[in-house]
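Asks: Residue numbers (numbering that gives the first Met the number 0), protein chains in the order written: chain Z, 0 to 607; chain L, 0 to 400.
No lab work stands behind these hints, which were simulated from the structure alone. Some hints could be false.
Said to hold, decoys possible - From chain L, some residues computed to sit far from chain Z (all C-beta separations above 12 Å):
#1 HIS30
#2 VAL72
#3 ILE77
What the hints assert, rightly or not - Each computed SDA-like pair below joins lysine to any residue, with the alpha-carbon atoms no more than 25 Å apart:
#4 LYS73/Z x ASP132/L
#5 LYS149/L x LEU493/Z
#6 LYS149/L x ALA501/Z
Stated by the list, open to error - Only some residues are given here: those of chain L computed to face chain Z with a beta carbon under 7 Å:
#7 ASN113
#8 GLY128
#9 TYR136
#10 ILE139
#11 ILE207
#12 LEU210
#13 GLY214
#14 VAL221
#15 ASP225
#16 ILE257
#17 ASN258
#18 VAL275
#19 LEU278
#20 GLY279
#21 PRO283
#22 LEU287
Since we're looking at a predicted model, the values are computed, not measured. The C-beta atom is built at its ideal place from N, Cα and C for all residues, glycine as well.
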Amino acid sequence: MATTNDYKPGRMLLAFAAIVCLLYALMAVVGSWTPRLGLDLRGGTTITLTAAASDGGGDVPRENLEMARTIIQKRVDSLGVGEASVTIQGDNQIEVAVPNVNSDELVELVGSTAQLSFRPVIAVQQVESSTASASPSASSSSSASSDETASSGETSSSETSAPSSSATSSSEATSAPASTAERRPVPALPTEPPTPYSPRPTTPGTEEQTLDEKLGYTPTEQDAEEFYAFQCGDDFPDVSDQPLIACSQDGTAKYFLGPVIIDGDQVTDATAGVPQGQLTWVVSLSFDDEGSQTFADATEALSANQSPQNQFAIVLDGEVVSAPSVSEQITGGQAQISGGSITEDSARSLASTLRYGALPIELETSSVDTVSPTLGGNQMTAGIIAGIIGLSLVVAYSLIYYRGLTVVVVGSLVAAAIVTYAVMVLLGSAVGFALNLPGIAGAIVAIGVTADSFIVYFERIRDEIRDGHSLRHSIESGWHKARNTILMADGVQLLAAVVLYALAFGSVKGFAFTLGITTAIDLFLVVFFSHPMMTILGRTRFFGEGHKWSGFDPEHLGVSRASMLGRRASSRRRTRPDTTGGASARRSGTTTTAGGPTDNTTKEAADE
Amino acid sequence: MSDTMTRTDKPSPSFSHRLYTGDFEFDFMKHRRAWYTFSAVLILISLLAVGLRGLNLGIEFVGGSVFQAPAQVQSDTIDRFTAAVDDAGVSELDAQVNSVGSDTVRVQTRSLTNEEVTEVRAAIADEAGVSQDDVAYSLIGPSWGEQLTKQALGALVVFLVLVGLLIWIYFREWKMSVSALIALAHDLIVTVGLYALVGFSVMPSTVIAVLTILGYSLYDTVVVFDMVREKTRDIKSQQRTYTQAANAAINQVLVRSINTTIIAVLPVIAILVAGVVVLGGDGPLADLGLAMLIGMVSGAYSSIFLATPLLAHLREREPEMRRHRAALEKNRTRARARVSAAVTDAEVSPASMPLAATPASGTLEFAEEEVPVPVVDDVLDPDETQSRNQPRKSSRSNRKK
Numbered sequence: 000m001a002t003t004n005d006y007k008p009g010r011m012l013l014a015f016a017a018i019v020c021l022l023y024a025l026m027a028v029v030g031s032w033t034p035r036l037g038l039d040l041r042g043g044t045t046i047t048l049t050a051a052a053s054d055g056g057g058d059v060p061r062e063n064l065e066m067a068r069t070i071i072q073k074r075v076d077s078l079g080v081g082e083a084s085v086t087i088q089g090d091n092q093i094e095v096a097v098p099n100v101n102s103d104e105l106v107e108l109v110g111s112t113a114q115l116s117f118r119p120v121i122a123v124q125q126v127e128s129s130t131a132s133a134s135p136s137a138s139s140s141s142s143a144s145s146d147e148t149a150s151s152g153e154t155s156s157s158e159t160s161a162p163s164s165s166a167t168s169s170s171e172a173t174s175a176p177a178s179t180a181e182r183r184p185v186p187a188l189p190t191e192p193p194t195p196y197s198p199r200p201t202t203p204g205t206e207e208q209t210l211d212e213k214l215g216y217t218p219t220e221q222d223a224e225e226f227y228a229f230q231c232g233d234d235f236p237d238v239s240d241q242p243l244i245a246c247s248q249d250g251t252a253k254y255f256l257g258p259v260i261i262d263g264d265q266v267t268d269a270t271a272g273v274p275q276g277q278l279t280w281v282v283s284l285s286f287d288d289e290g291s292q293t294f295a296d297a298t299e300a301l302s303a304n305q306s307p308q309n310q311f312a313i314v315l316d317g318e319v320v321s322a323p324s325v326s327e328q329i330t331g332g333q334a335q336i337s338g339g340s341i342t343e344d345s346a347r348s349l350a351s352t353l354r355y356g357a358l359p360i361e362l363e364t365s366s367v368d369t370v371s372p373t374l375g376g377n378q379m380t381a382g383i384i385a386g387i388i389g390l391s392l393v394v395a396y397s398l399i400y401y402r403g404l405t406v407v408v409v410g411s412l413v414a415a416a417i418v419t420y421a422v423m424v425l426l427g428s429a430v431g432f433a434l435n436l437p438g439i440a441g442a443i444v445a446i447g448v449t450a451d452s453f454i455v456y457f458e459r460i461r462d463e464i465r466d467g468h469s470l471r472h473s474i475e476s477g478w479h480k481a482r483n484t485i486l487m488a489d490g491v492q493l494l495a496a497v498v499l500y501a502l503a504f505g506s507v508k509g510f511a512f513t514l515g516i517t518t519a520i521d522l523f524l525v526v527f528f529s530h531p532m533m534t535i536l537g538r539t540r541f542f543g544e545g546h547k548w549s550g551f552d553p554e555h556l557g558v559s560r561a562s563m564l565g566r567r568a569s570s571r572r573r574t575r576p577d578t579t580g581g582a583s584a585r586r587s588g589t590t591t592t593a594g595g596p597t598d599n600t601t602k603e604a605a606d607e
Numbered sequence: 000m001s002d003t004m005t006r007t008d009k010p011s012p013s014f015s016h017r018l019y020t021g022d023f024e025f026d027f028m029k030h031r032r033a034w035y036t037f038s039a040v041l042i043l044i045s046l047l048a049v050g051l052r053g054l055n056l057g058i059e060f061v062g063g064s065v066f067q068a069p070a071q072v073q074s075d076t077i078d079r080f081t082a083a084v085d086d087a088g089v090s091e092l093d094a095q096v097n098s099v100g101s102d103t104v105r106v107q108t109r110s111l112t113n114e115e116v117t118e119v120r121a122a123i124a125d126e127a128g129v130s131q132d133d134v135a136y137s138l139i140g141p142s143w144g145e146q147l148t149k150q151a152l153g154a155l156v157v158f159l160v161l162v163g164l165l166i167w168i169y170f171r172e173w174k175m176s177v178s179a180l181i182a183l184a185h186d187l188i189v190t191v192g193l194y195a196l197v198g199f200s201v202m203p204s205t206v207i208a209v210l211t212i213l214g215y216s217l218y219d220t221v222v223v224f225d226m227v228r229e230k231t232r233d234i235k236s237q238q239r240t241y242t243q244a245a246n247a248a249i250n251q252v253l254v255r256s257i258n259t260t261i262i263a264v265l266p267v268i269a270i271l272v273a274g275v276v277v278l279g280g281d282g283p284l285a286d287l288g289l290a291m292l293i294g295m296v297s298g299a300y301s302s303i304f305l306a307t308p309l310l311a312h313l314r315e316r317e318p319e320m321r322r323h324r325a326a327l328e329k330n331r332t333r334a335r336a337r338v339s340a341a342v343t344d345a346e347v348s349p350a351s352m353p354l355a356a357t358p359a360s361g362t363l364e365f366a367e368e369e370v371p372v373p374v375v376d377d378v379l380d381p382d383e384t385q386s387r388n389q390p391r392k393s394s395r396s397n398r399k400k
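Using the sequences provided together with the hints, build the complete structure.
Replies: Shown next as structure tokens:
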């Protein structure tokens with residue numbers, strides 16, 4: 000068809016088709032045909048953890064967050080659930096999403112803020128309430144030995160361990176808040192403590208201690224008193240270079256422990272199993288290079304001690320998980336924990352703790368959201384219903400108001416749906432984008448955004464026609480005028496989406512993401528699909544000649560038919576004078592009488 | 000105006016056509032004090048509502064736990080579940096039980112620890128006669144809400160600043176940014192106020208909705224301002240004041256604004272309907288739908304009745320605009336004198352025609368002025384004259400090639 004400008008709508012449509020084909024080819028390559036669904040649509044558990052920097056505020060180091068993410072991912076994977084995703088959100092959050100799992104076990108496992116460490120045992124004492132079931136590690140002499148070690152400890156070695164290196168035996172740390180000590184409940188003691196407790200430091204000192212200093216920690220009088228007064232459940236600051244008073248997990252024994260010898264993150268692996276030729280379960284663990292060296296030195300020193308000081312305690316989050324005794328030096332970074340009390344369950348759980356126990360940061364469970372598959376299905380249905388109602392309403396409205404132009408609206412909405420679907424699927428496999436309920440809402444809202452672009456465009460075309468331009472000309476000039484408005488309006492919408500996305504909490508992200516991509520797709524579609532389609536339709540008889548149902552009914556628009564065909568008629572006159580002669584005659588007849596809009600046409604004709 | 004109806008050779012124009020040509024022009028500017036007052040009252044009510052009643056913050060913002068279990072709802076269901084959770088062995092549970100639709104029971108409690116969750120969940124599962132894993136729950140830590148609020152407010156501020164900049168860059172006129180932002184603030188306050196007034200609970204999806212509303216409100220404002228800019232280009236060489244040009248712009252863009260608003264609101268209504276009917280009014284769909292519906296209607300209103308009059312107000316205070324207005328006023332008095340002298344004369348001098356078309360007065364009552372001119376009013380309407388000078392001329396010449 001002979002066009003008078005160099006705009007080639009066909010090429011645009013071809014480009015669009017090519018892009019769509021490319022998208023679907025990519026989907027075939029990736030091999031996924033459905034978008035990933037969020038857990039609120041198919042059931043599952045979402046847990047949001049917020050990290051608190053261990054110094055009580057400020058920023059969380061990125062690498063620590065990443066390490067914690069890896070540990071949590073391993074913990075969740077060890078549950079044997081598939082498709083679990085653990086992602087970092089914002090700068091201090093970790094989101095755990097596990098589909099189809101709805102159990103409390105998961106929450107406990109993920110949420111446990113485990114800090115794992117190995118400490119030498121200095122004293123052990125049975126807890127009164129459970130003396131009947133004496134554990135093997137707590138020998139009858141434990142109470143006595145505790146007293147003994149405590150009373151003998153008045154050496155200056157403890158002072159070196161104090162961060163402030165003060166000369167007094169009551170290691171005063173400048174950073175220690177006094178409230179820590181005051182808050183600690185003082186149970187009914189046979190005798191009042193002679194001196195008030197000095198506060199315990201809550202942060203490690205800056206000086207690095209040698210292994211000998213750590214192993215050689217000698218309790219002070221205060222330590223002894225506090226240990227004696229300590230009851231399971233009391234708080235005690237868990238500071239790596241300070242002694243720790245802690246209970247066993249079952250609460251049957253309390254331990255006085257030296258400073259941390261080995262950190263949990265020095266454990267590279269731990270497995271539970273029954274070694275060949277043996278009958279009992281053991282936990283095998285291995286250390287990294289640094290850990291192996293420390294472990295060898297520590298076990299050498301410990302094995303020379305008397306019980307209970309030949310033990311080291313594995314401390315998880317302020318609780319003693321296990322306190323194996325050492326009979327000989329263990330070199331080579333491999334160790335086995337064995338003993339009569341270890342069962343299959345406890346071995347597995349200990350191994351798992353050792354493997355994944357140590358989180359480099361403290362995490363707080365901020366929110367847990369479980370959705371049953373039934374509810375998920377309902378939400379999905381609701382979302383789809385909302386989409387269908389929304390679409391039908393928009394189509395119905397445009398049918399009433401824009402008549403035949405609805406073809407463009409529907410065509411573009413269908414095109415938008417095709418592209419959006421492909422983009423969602425591809426983003427699902429590329430960056431793990433999962434469609435959730437607010438996401439669906441975002442897509443539905445985007446129906447309005449897409450349709451809005453048309454209204455701006457259609458109304459511009461109509462305005463141009465009212466100004467007395469021919470339809471064909473109006474489609475082009477209307478486009479040029481509408482384009483900026485559409486760009487600006489979509490730009491604002493995109494900005495809103497980006498800001499929302501930066502908000503970084505779960506459901507908001509999904510909405511923003513969908514709204515953002517659908518708005519971007521709308522921009523793309525308007526240029527590559529809708530405008531070319533409009534141009535092509537404008538060349539058909541139905542639209543181009545303003546059929547009553549085309550949405551360009553000249554009568555409705557308040558212009559004469561001739562005015563609307565004006566340009567068309569005059570351009571045709573050059574090529575096919577026979578068909579347009581009449582129209583042109585009609586046109587010249589009306590211009591003199593019809594008033595404003597057609598007057599323009601006269602002017603146009605004069606311009607030529 | 001009656002003269003359009005007498006012409007039989009012209010097709011009967013639609014309402015939108017008459018709006019476009021200025022055949023019919025509603026004087027938005029004339030009543031602007033009324034709009035300002037109306038908006039001020041709305042804002043006052045909203046602020047009072049927020050101040051006195053406060054916002055009903057959802058558990059996402061205050062912390063808490065919500066359990067949902069499938070259960071056939073009967074008359075005694077709520078009592079049975081209340082008793083069941085009271086006996087769960089968790090102290091100060093502060094439980095509220097209600098039903099969602101006909102087959103779901105919802106129990107809301109204070110923020111629970113993991114162990115407490117297990118106990119309450121078991122109690123609910125027992126009562127509902129389902130497995131524990133079928134009881135869905137959400138647990139929000141107490142400090143989480145603070146973070147959310149902080150983030151949401153931060154996002155809002157960032158958004159407003161960016162949007163102000165964007166509009167300024169696009170229109171190159173800070174007064175448009177200011178007017179748009181005032182209209183935005185209006186929509187925001189009214190939406191939040193309605194939430195306080197009715198007591199709907201504020202959820203994260205409400206935050207989504209509010210930010211989306213702001214986007215839409217701007218969308219409308221941008222469409223109107225685009226036209227205002229077009230109409231007020233070379234305002235000093237036009238025979239009308241900025242206010243009159245802005246009013247003509249509103250009228251021309253009115254149909255477009257109404258249509259974009261309707262089209263945008265329709266899907267939102269669908270979201271609201273699906274959220275209420277299918278999901279029993281609980282969850283992000285109903286929540287989003289409601290907030291967006293209120294905000295979009297408010298956004299459409301504020302872009303026409305608030306943003307544009309404010310913009311005109313701001314611009315009219317400029318000395319240049321004052322001079323322009325004074326000049327027009329002078330012309331008008333002179334022209335009126337001439338017209339009244341020649342009122343019986345059928346011949347109208349061409350110089351007076353544009354004045355007659357849009358009576359130029361500096362006052363707000365310009366549309367009320369009846370200047371008797373026996374000529375069709377759209378022949379040399381300044382709108383037309385002006386739009387003829389649009390860049391489309393060049394595109395026309397392109398087309399001739």
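Asks: If a hint holds in the structure, say so; if it does not, say that too.
Replies: Hint check:
no. : hint                : in the structure
1   : HIS30               : holds (25 Å)
2   : VAL72               : holds (15 Å)
3   : ILE77               : holds (19 Å)
4   : LYS73/Z x ASP132/L  : holds (23 Å)
5   : LYS149/L x LEU493/Z : holds (22 Å)
6   : LYS149/L x ALA501/Z : holds (13 Å)
7   : ASN113              : holds (5 Å)
8   : GLY128              : violated (15 Å)
9   : TYR136              : holds (5 Å)
10  : ILE139              : holds (5 Å)
11  : ILE207              : holds (5 Å)
12  : LEU210              : holds (5 Å)
13  : GLY214              : holds (4 Å)
14  : VAL221              : holds (5 Å)
15  : ASP225              : holds (5 Å)
16  : ILE257              : violated (9 Å)
17  : ASN258              : holds (5 Å)
18  : VAL275              : violated (10 Å)
19  : LEU278              : holds (5 Å)
20  : GLY279              : violated (9 Å)
21  : PRO283              : holds (5 Å)
22  : LEU287              : holds (5 Å)
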